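K.L.:
Take 13 as the starting number for the sequence shown in the numbering used here and just add one per residue.
These aren't lab readings, by the way, just hints derived from the structure by calculation. Hints should not be assumed to be uniformly reliable.
Computed Cβ-Cβ distance ranges for the label pairs, DEER-style [to be verified]:
1. 313 <-> 201: 31 to 39 Å
2. 154 <-> 24: 44 to 52 Å
3. 43 <-> 109: 28 to 36 Å
4. 336 <-> 123: 32 to 40 Å
5. 96 <-> 176: 37 to 45 Å
As the structure is a prediction and not an experimental result, all values here were calculated from the model. Glycine residues also receive a C-beta, built at the ideal position from the N, C-alpha and C atoms.
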Amino acid sequence: MSEISAYEVGPEAAGERLDRFLTNAAEGFSRTRLKALIEEGRVAVDGAVALDAAKKLSAGGVVTLDAPEPEETAVLGEDIPLDVVFEDEWLVVVNKPAGIVTHPAPGHPGGTLVNALIRHCGASLSGIGGVKRPGIVHRLDKDTSGLLVVAKTDAAHRGLSELFADHGRSGSLAREYVALAWNGFPSRSGTIDAALERHPHSRERMVVVPHGRGRHAVTHWQVEEPFGSVARLRCRLETGRTHQIRVHLAHFGHPLLGDSTYGGGFKTKANRLGEGARAALDALNRQALHAQTLGFEHPVTSQTMLFERPPPQDFLDLESALRV
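Take these sequences, add in the hints, and give me the full structure.
P.N.:
Structure representation (structure tokens):
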């Protein structure tokens, strides 16, 4: 089954590229998806199949789009509890717990957030790139908790992807984290501007590299509460690179508590904490990082969305133990 739609080229669209015209005319499709449909021969201009996405259109012409129904995804839905913060027909915002991977990957074929969302959203997934699946536009590390937005439709996926690719330069994206890091900061606030790339000998890690190499990365930090040798931080992302906050803070001597990947050299220092704090850190058993605030402009309704969720209880227990 497929759905055939026809769009007349108005005078204002004369000379416009075929893919750009369809992006504006055909609601619910990303430009990438429309380009694929053109290449598959599912788009015609005045009755003739058009395989060139860059084809220029003439006023008065008719563009026909034959869009197949989205295919079922090969990823299975799983009955995994979800903390749904917000949901409408276009997107869903969840508060991801620590310990769950965002999407299937080698070593994690199931038990992921995507598996849970496929089960939760069901028929409301209208197709991302022609497949009924959730559209992941940003990720949280397995052991990082907090807020994450996922697209349910191609249109939402396109808008959110553009927003996150812009890294909030337009001012309509806000991402803030709370973290517990080793103290000794030279001031109450600051900015880390340091490029990142994959570690040359460990593909699971990132490393700071000189400017001109790697990917541009900027983290703004503020000490919210000092606990002697430890501090509670609020970190605001200007870019969103893999492990960004963890690598930036560790590189400058302030790794996150519990971060075995980037803070292994601070295990001895952890032994100097009070007995209660050591026990709480052992119970946390991961990096002390939580995505607390997420704000963005809705990609379809243009409504300003802002969500906040406090850290989970084991994070708060560690904070309390550090205050003693």
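K.L.:
State for each hint whether it applies.
P.N.:
Hints versus structure:
no.	hint	in the structure
1	313 <-> 201: 31 to 39 Å	34 Å, holds
2	154 <-> 24: 44 to 52 Å	49 Å, holds
3	43 <-> 109: 28 to 36 Å	34 Å, holds
4	336 <-> 123: 32 to 40 Å	36 Å, holds
5	96 <-> 176: 37 to 45 Å	20 Å, violated
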